[in-house]
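Chemist: Sequences listed follow chains A and B, in order.
Using the numbering used here, the first residue of the first sequence is number 1, and each one after it goes up by one.
Using the numbering used here, the first residue of the second sequence is number 1, and each one after it goes up by one.
A hint or two may mislead.
As the list claims (entries may be wrong) - Partial list, derived from the structure: chain B residues whose beta carbon lies under 7 Å from chain A: (1) P127; (2) V129; (3) P131; (4) R137; (5) N141; (6) F143; (7) G152; (8) R154; (9) D162; (10) A164; (11) D234; (12) P238.
Simulated from the structure, these hints should not be mistaken for laboratory data.
For every residue, glycine included, the Cβ atom is placed at its ideal position computed from N, Cα and C.
There are 2 protein chains.
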Amino acid sequence: MRYLVTGGAGFLGSHLCEHFLKHGHEVTCVDNFSSSDGSNLRYLGGYEGFLSACLDVTQTPLSDFFDQVKFDGIFNLACPASPPFYQNMPIETTLTCVVGATNVLDLATRDNCTVLQASTSEVYGDPEVHPQTEEYRGNVNSFGPRACYDEGKRAAEALFHDYAERRNTDIRVARIFNTYGPRMLANDGRVVSNFIVQALQDKPITIYGDGSQSRSFCYVDDLISAMLRLFYADYKRPVNIGNPGEFTIKELAEKVIAITNSKSEITYHDLPVDDPIQRCPDITLAKETLLWEGPQVCLDRGLEDTVQYFMSELKDGRI
Amino acid sequence: MRYLVTGGAGFLGSHLCEHFLKHGHEVTCVDNFSSSDGSNLRYLGGYEGFLSACLDVTQTPLSDFFDQVKFDGIFNLACPASPPFYQNMPIETTLTCVVGATNVLDLATRDNCTVLQASTSEVYGDPEVHPQTEEYRGNVNSFGPRACYDEGKRAAEALFHDYAERRNTDIRVARIFNTYGPRMLANDGRVVSNFIVQALQDKPITIYGDGSQSRSFCYVDDLISAMLRLFYADYKRPVNIGNPGEFTIKELAEKVIAITNSKSEITYHDLPVDDPIQRCPDITLAKETLLWEGPQVCLDRGLEDTVQYFMSELKDGRI
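Here chain A stands alone, though its shape is the one from the complex (with noise of 0.2 Å):
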């Protein structure tokens, strides 16, 4: 099979890629580089059958560039993901979010294949409900910093649903929670790369706001794993993929110094602006719907093979 994933060089995307080119399968990757700089194509680029194009979703119809590929499946991971990336390019993000869509949509459409999108707990905002369930319709705000991202994404599930409804195209719509694990990009400001970054470099740890905001944090294998069984499955409106065991940012801090074994001390800065309090999915639907059983990797787990990556980067003078 041949596979398209957009935005996969990053962090998600290239161990998407990778899984798929392990099991044998023919993997394009689509990426502009803009919030990754190319260095996960390291780990892909051994296999026979990958194939990376440095291109824009808003600038190049997909379908143009590909006139002479059809393609199987493709995933829509194209776009800056965390704030500090998507703050400084927001119109970009904007657009990568909704012309990059219908990009991707008249591809899977022409090629008659199924086209994940890679949508984010961020469609929920700052949540007035816990956990999130899918029916719950967010509370974003549409006119301040973030919501150049949480509003593309969300203009980006309308149009899935709407070519779905009205071209038929097969789609699938994964809510992603936060993600964690090797390749994150050390500088993205992510929770859990900055904490081990700063405590493998006894720096101080960065804790905006007191700390007692609440995360749920996926480690990248159980991500992946969740986001292939929807993708295989017949399920086409929005799923929550992530890991419901919720801790404070505190808690994440002081783990991440044990396991390190850091000198780092905690520092408290001021929270950003519409920054959430709670994020944590409720994963009932994924559990029926995919017969998923769920996130596998426990905190502790995943932060020690996320830490022998960050050492490894370190080590090799990545970072």
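Based on the hints, put chain B in the right spot on chain A.
Modeler: Frame of chain A, contents of chain B only:
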């Protein structure tokens, strides 16, 4: 002054164009006539200084099209705005909202002029807070039959926010609540025009649901007046514009029957999916910030004028 009005052939757009023309300004109307039939141009064509271009804001970069022209102000009203129209072209609607927004924002940035976005009470979805203030984040289903419009308009607000922040574009965002008056399309599925045309033809008046859902109806002159105040004010965040007087749909039907002296009977039909139960603007911000006195035209007078308009349309065979 030279103003650009996208969607200038529509209901609100044509009133806005005429206002400027009456005051001796030049007006360029851009419209693709996807949800208007061009008949409103008959009110504008007689004015010197009126130009109309048939183009699609998702297809043609306005900065290229108007490379020899500089505008002093832009009003972005281009979008199908009634559910039957936008649900008939959902993908195009989302793209009009999002790509259209970047298009006018790019032009306003180039011309260093103010650009006003016609946003909508639909950003509040089916609200759980009454009346709605601008702080309320809404209750929108991102994956449903109204999402193309609601999420498109929310994403457009995000883009206006980010152009203001990043490119210093001089933005205005009007969240427009239900508006009615002469030049509504007879067939656009909005409740006021529906009821009046049905009543004038002695056909059954179709209420969806039990008629107890409420709406606030703002007469077009009041809306345009407030929108102009916003345009000339120095306030760059969203502002509700509408009439906070609430009436149930059933009350509206009875008023219309009385005014038209109609033999129509009321019939009840299933409520459409995601139809809001109640919507009413809190216009405190508009009153304080724009020194707006609030709506001046009561529903009875506004309906009488609107009935006169549709009677004339019927008499002239245009319905």
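Chemist: Next step is simple, just say for each hint if it's right about the structure.
Modeler: Hints, one by one, checked against the model:
1. P127: 11 Å, violated
2. V129: 11 Å, violated
3. P131: Because about 18 Å separates P131 of chain B from the closest Cβ in chain A, which is outside the 7 Å limit, the hint is violated.
4. R137: R137 of chain B check passes; min Cβ-Cβ to chain A is 5 Å, inside 7 Å.
5. N141: Holds: closest Cβ of chain A sits about 6 Å from N141 of chain B, inside 7 Å.
6. F143: 5 Å, holds
7. G152: 6 Å, holds
8. R154: Constraint on R154 of chain B satisfied, holds at 4 Å.
9. D162: 4 Å, holds
10. A164: 10 Å, violated
11. D234: 17 Å, violated
12. P238: 6 Å, holds
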